[in-house]
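Chain U is already provided as a structure; the job is to place chains R, S and G with the ligands on it using the hints.
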Amino acid sequence: MRNILEDIVINHVSDPAGLTPKDFKNELDVRWCAGCGGYSILSQVQRIMPTLGIPKEKITFVSGIGCSSRFPYYMDVYGFHSIHGRALAIASGLKIARPDLSVWIATGDGDCMSIGGNHFIHACRRNVDLNILMFNNEIYSLTKGQYSPLSRPGQKTKTSPMGVLDDPFNPAALALGSGATFVARGYDKDPKMLQYLFERAAQHKGIAFVEIYANCVIFNDGAFDNYTEKDKRAETTVWLEHGKPLIFGTNNDKGVILDGFTPRVVSLSDGKYSANDLIVHNEHDSTLAFILANMTYNEDVPRPIGVFQAIARPSYEEKVEWQINDAITKYGEGDLNALMRGDEYWEI
Amino acid sequence: MRNILEDIVINHVSDPAGLTPKDFKNELDVRWCAGCGGYSILSQVQRIMPTLGIPKEKITFVSGIGCSSRFPYYMDVYGFHSIHGRALAIASGLKIARPDLSVWIATGDGDCMSIGGNHFIHACRRNVDLNILMFNNEIYSLTKGQYSPLSRPGQKTKTSPMGVLDDPFNPAALALGSGATFVARGYDKDPKMLQYLFERAAQHKGIAFVEIYANCVIFNDGAFDNYTEKDKRAETTVWLEHGKPLIFGTNNDKGVILDGFTPRVVSLSDGKYSANDLIVHNEHDSTLAFILANMTYNEDVPRPIGVFQAIARPSYEEKVEWQINDAITKYGEGDLNALMRGDEYWEI
Amino acid sequence: MSKKVEYLEQVTIRFAGDSGDGMQLSGTQFSNTSGIVGNSVNTFPDYPSEIRAPEGTLYGVSAYQIQFGSKKVNTIGDKLDVLVAMNASSLKVNLPNVREGGIIIANTAGFGDKNLKLAKYDANPLEDGSLDKYRLFKINISDIVKEELADLKLSLKYTERTKNIFALGLTYWLFNRPTEPTAKWLGEKFGKKPEILEANLRALKAGYNYGLNSEEMTTQYDIKSANLEKGYYRNITGNEACALGLVAAANKAKLPLFLGSYPITPATEILHFISGYKKFGVKVLQAEDEIAGICSAIGAAYGGYLSSTTTSGPGLSLKVEAMGLAVILELPLVIIDVQRAGPSTGMPTKPEQGDLFMALYGRHGEAPIPVIAASSAADCFAMTIEAARLATKYMTPVILLTDGYLAQGTEPWRIPPIEELPDIKVEFATVKEEFAPYKRDAETLARMWAVPGTIGLEHRIGGLEKEDYTGLVSQDPKNHQKMVEIRAQKVQNIANDIPDAELMGEESGDLLVIGWGSSYGAIKTAYEKLTAEGKKLSYVHLKYLNPLPKNLGDIMSRFERIFVPEINLGQLQTVLQSTFIRPVIGYHKVQGLPFKAFEIEDQLNELLANKGGK
Amino acid sequence: MSKKVEYLEQVTIRFAGDSGDGMQLSGTQFSNTSGIVGNSVNTFPDYPSEIRAPEGTLYGVSAYQIQFGSKKVNTIGDKLDVLVAMNASSLKVNLPNVREGGIIIANTAGFGDKNLKLAKYDANPLEDGSLDKYRLFKINISDIVKEELADLKLSLKYTERTKNIFALGLTYWLFNRPTEPTAKWLGEKFGKKPEILEANLRALKAGYNYGLNSEEMTTQYDIKSANLEKGYYRNITGNEACALGLVAAANKAKLPLFLGSYPITPATEILHFISGYKKFGVKVLQAEDEIAGICSAIGAAYGGYLSSTTTSGPGLSLKVEAMGLAVILELPLVIIDVQRAGPSTGMPTKPEQGDLFMALYGRHGEAPIPVIAASSAADCFAMTIEAARLATKYMTPVILLTDGYLAQGTEPWRIPPIEELPDIKVEFATVKEEFAPYKRDAETLARMWAVPGTIGLEHRIGGLEKEDYTGLVSQDPKNHQKMVEIRAQKVQNIANDIPDAELMGEESGDLLVIGWGSSYGAIKTAYEKLTAEGKKLSYVHLKYLNPLPKNLGDIMSRFERIFVPEINLGQLQTVLQSTFIRPVIGYHKVQGLPFKAFEIEDQLNELLANKGGK
Ligand SMILES: Cc1ncc(C[n+]2csc(CCOP(=O)(O)OP(=O)(O)O)c2C)c(N)n1
Ligand SMILES: Cc1ncc(C[n+]2csc(CCOP(=O)(O)OP(=O)(O)O)c2C)c(N)n1
Ligand code: SF4
Ligand code: SF4
Ligand SMILES: [Mg+2]
Ligand SMILES: [Mg+2]
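Protein chains in written order, with this note's numbering: chain U, 1 to 348; chain R, 1 to 348; chain S, 1 to 614; chain G, 1 to 614.
If we strip away everything but chain U, and leave its shape as in the complex, we get (with noise of 0.2 Å):
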């Protein structure tokens, strides 16, 4: 490049050894409520940002309209706060244009899966290397409280006042179905975990996209609770783990069997069922990751968190850079004499 630009982003770069979380605070005060998931999202992406090795300058992070999308103003980073559901759209420009970035997206439910979802599959499908981290409150919060396309059927919102008809998304399965590379679900109430999500999300090359059970005390408190709570979590969710055999329970004593292409749960105390039989997690598989993410609204099996699926396919920004000095390698670099003069041009 012979621009302006490559300065900037080529030979001036900071060390980021020795950054710690509280270089990526700023001095603004955090204006979710009390107790609002968000904080624990935030804590987290705070706490894993300087282990990734990326100059603080790099790192940008772009969101749509919502409690969620909040979140830029709170990281002392290069921010973007846009438009409703647009965050993924400029994102991939952002990207594709500075493939040099890390950039990062944090979206809500309705953000990212309503008014956004042609957006996000499209960036599934692509595979551009975004980090998406929606928040999912399953609820409209910003405006008050109206259900979202991931509300539960039944539930009374601001604008279901007899209950929710929709059915709702399966963000993983939408996800899978749109081509997407990296899928993942965690909660706001297990740092640990979200801090290792968020840290593979940033390692993944190609799209990472991380759902994020995030409660929202005022419109949809407790919406997760049964899934996240200390108390309850082990019965009703199952970790992933690549490699690892579908193990849950207070006891580890469950385990979740593959029946026909309908997943099961059985009893490992009983005798009957060992770790052997049980479905084990294989990250590289889009098939077995779609029989997890079907999972999701099925009382009868526990909840699947952690990493549903991560496969390599080069990234959309890469083959776009690749084509770029394909197409330099093969006719030269342009001369915009030639090319305006084209093919056919004459002297006077």
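Any given hint could be a false lead.
Here are the computed lysine-lysine pairs in the DSSO-like style, where the Cα-Cα straight-line distance is at most 30 Å [unchecked claim]:
1) G/K3 <-> U/K144
2) G/K79 <-> G/K3
3) U/K25 <-> S/K117
Calculated from the structure, these hints are not laboratory results. Source: prediction; values computed, not measured.
Same frame as chain U, but now just chains R, S and G with the ligands:
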């Protein structure tokens, strides 16, 4: 309803008996190019219409913009040629308002999956009772040949002179990931098959998505020849039939088995495998549907054609009516005076 | 103890406290009771933009302002006669608006060290003499209610919560209003929780009695009932009025109602209300976005519904393409835009009049749409019905502009008997008469509305230019010119069907004020004040922006100077200048706030003083 | 045989035939050759809107029109001097535009019974005397080429295909132009297929010789070369000029280029061209829709690119919300809108000037955007660079309006040496100077452009209203007013940075014509004709619509009457009326067609004749 629509909607209905395909043609010249895949689709739609037992005036075709979206002009029923990408949003409103209508959508791969992607996934999720005929020619034709989200990687088009970089959607997978209840695929060159699929779509209550490989002779000629030409298709495709094993081949001598979650082709003639080893199609199994959908861009296995999935779930507009009826049963029919007075009023 | 009673014409009171202090409830009850005693009332709730701001902070203050009076009150009042301040932050934020000599009722329990610090006070303003210009009443409301409710088995936290009811009771005494309506309302609300009901009733009473018995509070005020038309009344917000207007219009048109919408501040409540009208058979689609909102509504309109979509600025911007479709389809559609401060996300909870240009001009190609605007919360009802009437009669989308101020503000509304509402006559095409999709009514130029399901009328419509009458796709140059002109003329024809602009004041003269939308209240108040002072000026308030009333040009021609105050940089001003080709003086306050009457008054006084200097 | 040679100043010729007849090729070659011989040229291809209409039909006619002359030619010509008609339908469609006495070269092989029927002719017009008003040359081109190529091993179908080259050769003779440039071009194109090359060369020669030897064709015409500036020339369409303009602007600004776009007629070709510029390092995203197109461009602008998005009406409507975001973010962005006939889908392949209102006013809130317009195909290049210059200098989105006529029409373009192009100076913020996201340049009011990746400048921006300087979110009323005014002022400041409007003709007087956009050619032609006739009038062509040139008001004030012809219902007219508060006479042709010079001429003559009757 005490409204003036009632008369039209309920009291005056024509007798569908005796309708013929001719009744669905009008006097307009069909202005597609000679050889366009659209012609076959149009004929098959006109052929099955009389068989559905639906009064002619109850049928409406809605479309977006594209060559394919010209479809409604050629049908002698109600027709709505709207704007690019919005057919499903318009049709959803129409169907929710007017559940008595049979609403069909004619759309293209660009109209439906590019600009219309968000409406597509949400219509699937909601399960509105719409019949979507997506003419997939893997190209934007009306605008003269740019790649679409279904174009193949490497394909050279006016906007991809060095080849398409995007990975395409897998339409069946996207529909399944979005929660569609009926998902099928067919192609222009097999009229009987299309008739069957269109009838199935019409019978399905809820969203019915039919992807149709439709040859564009001008901008992407022969894109599907490998799967649709009479002399090739027996070897390159497999017909999905509920309860039947996946057998294909000119001599019906090949089958598809599942190796783990990976489909593989086996020979049925060397004695190693028999029909009993093969995947047996089950339209009601969502996981199987996804496995089959994922065979789409896999060159090692035949391309599945037919109904991937057909499962029952109440349709959206039905639930809307139920909820209204519930409200009336519970609270009595609305009294406008009372509503206007509200909870607190006074007299002066 | 005997007390003085003073009669006042109008009073502005503001209940202010922390978000959790229940100020909205005190305000609403005070407003309702004032309506019941026959006052004219105008109110506005003022929430923090954060969902739940931290307790005691400046940005966490929540307030409710009411102006009430014995003659028509058109605004919430510029300056406060009474401020109820439940904590230090609420005093800090609102003090600048209290008039000199005004009453401040302060809950001393909200002025502890922590509160003072959060409010960024160095010293306690209740003690340091800084409020000497006001009549200050310091009451430890928290302590009083704690004591009063001590014997009830309620948590301290709950007991504390009744302090808003105490404050309400106190203001009831102060302005001599009955406690019964609120007592009755509490009874209905807490009927099933007797302890809580008891607590609230006692707090109400305690507040009232505090006033009665206080040594300091020597004067009670009374505001005579206004001379209002007979009938049933209620308080209504602009948003609820729009919602009711849609249902009423559907009823009058004998059509089912459809709303396709996507939540957005400050329009969301229309969607909330209509979602609650299930038993009226209303169908609502909370769509995936604004585009789907309007498109689904177009689909329903095609299907024969009275169809509508509601939104605010950013959403209106997204609906642009589909609005153009509705124009060329010539289908009826009510589009309600509740304006907020822009551009872009701007200041979502703040009102503005910034969308007029976009409503008039914001579509590609020649795509004229009638635009009307409501001038008060209650007027939203009438103008919604008017939008529906015009849409169905002229087969066109119609934009109704309201704004965040009207949407959330309330005023008492005389509930019109349904028979009084304008008739909306809709007829669908049938085979009985000769049919063509773009056959037009000779007078209105409206095309026929033929809905799917009508035997024998199968036809195709779409967004491509079409031949008049047949509706067939056409690229014929002459036909295009004809269609462009017909669509423009059709909208212009509406000028024959709307009321003349109403001129208040002199028939002709020096200065004419022209306003539109929510600034009606402020301009009217200023106008009345100045004319009462004998100043010469006239006033026209526009409810129809496209087309403009037929007599407007004539009226304008009779005045030397035209003054147009707007909450934008001069959008109506520009329209009037281009339409009537004469200079118009603009006043442009763009601060996310409605006009105050005194601001208009000041401007007018200045103009009147500088007659020559135009 | 000796022939007469006549010298002409300018000639309009149209090659017309079936879609498959290769008329676009004949037209392009004729146009290039005319450029090479030094004529001034203006051309327009005219395709059917169907992709491939059935053979021989009226709606399947494809044509290419060229006006060429010895002085600057500004339009494609109103009336045809020469029509080449390859079949009956092409005669039928184009005959109304042939001037009396004009030449018609008809391929008789295209007038068989089937052709006549498809063209809806009852009798053969070549035989029934109906063309007596014209100079008709009937030639069985198909037969001639068949004969000429009989010895080549080519299919009959291919042989037939060369008839467009024969026709081209014939017109070369008729207008005395060399066949060599086309022969050379054929050589490059078919170098690897000698049989085909031979066939085409022979057809070219045969056509030329036919003229040379024909007994009927007694006159040859010659058009002297125009007095053109020295330099390299080429023919260019508006769309290609925009594409080149973007690349050139990026080069001058030393920035990488990004285009985020979605295909739409008639803007798609800009995307096509730029997609082909890979070796220039240009990054293109063919987005999922127009919203993603502009949003991705905003993302790239944030990242420090010269960023752009291209579209036409329906797409512009979809970009509205994001344009408002770009306004409040104050990021540079070039938005090119290639206007087409609306509203809604309208007539996609037909030009119109219907998007001016939307470009100026089509956003919610106060969201001012500079708007400029190109006046010819070649001017698209300069105006694209100008858009980029203003966008980066003022940190603002800029809308460039072109239209379907400019986009597809060609004219010869003197290729400017890169050094001649205007400099575009961009500097990114660095830690070296004090930084704040909304710190502004005192003169331009542009904020600093700080891109991610810059050490130490981490900051946040967004669509909420923000405090000036710090960029922190702010709901402060005064600040909002300030920001609204700054954003407006910043755009107004551009008036100081653009050329004065250029007045052609009298300095003052009775009649001033003001035009904008693609109607330049037609107005200029009419203006020149009338002034040459000694009529008194003046002409200003606007390339800057917002802000308007500073001297425009002054110019206008010197004329009694202002006349504004537009391909819309009077959008610039409205703007001028509201800005300068004086009446403007409009002329509104909205037919999906550009103006013809004679239409403007007629209007002007009428105005000049009715001086009193204004
Ligand atoms: C174009 C547009 N439409 C609607 C809105 C209003 N709006 C803001 S945020 C939001 C939904 C937020 O839901 P979600 O993304 O789940 O975020 P949360 O507040 O729950 O974190 C809506 C509807 C808007 N700002 N812009
Ligand atoms: C808002 C908008 N954007 C873009 C276009 C231009 N456009 C018309 S059809 C089309 C794509 C058509 O592709 P597809 O849906 O696959 O239909 P096909 O012509 O291939 O049948 C595009 C980009 C438009 N008409 N409106
Ligand atoms: S409303 Fe809900 S999501 Fe928003 S900040 Fe409060 S708790 Fe969090
Ligand atoms: S361009 Fe292609 S899709 Fe369009 S009508 Fe012709 S063959 Fe069919
Ligand atoms: Mg949410
Ligand atoms: Mg297509």
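Hint-by-hint comparison with the structure:
Note on G/K3 and U/K144: the hinted pairing is violated, with a Cα-Cα distance of about 87 Å set against a maximum of 30 Å. The suggested pairing of G/K79 with G/K3 holds, with an alpha-carbon distance near 26 Å, which does not exceed 30 Å. Distance hint between U/K25 and S/K117 is fulfilled; the C-alpha atoms sit about 24 Å from each other, no more than 30 Å.
Hint compliance for this structure: hint 1 is the single one not met.
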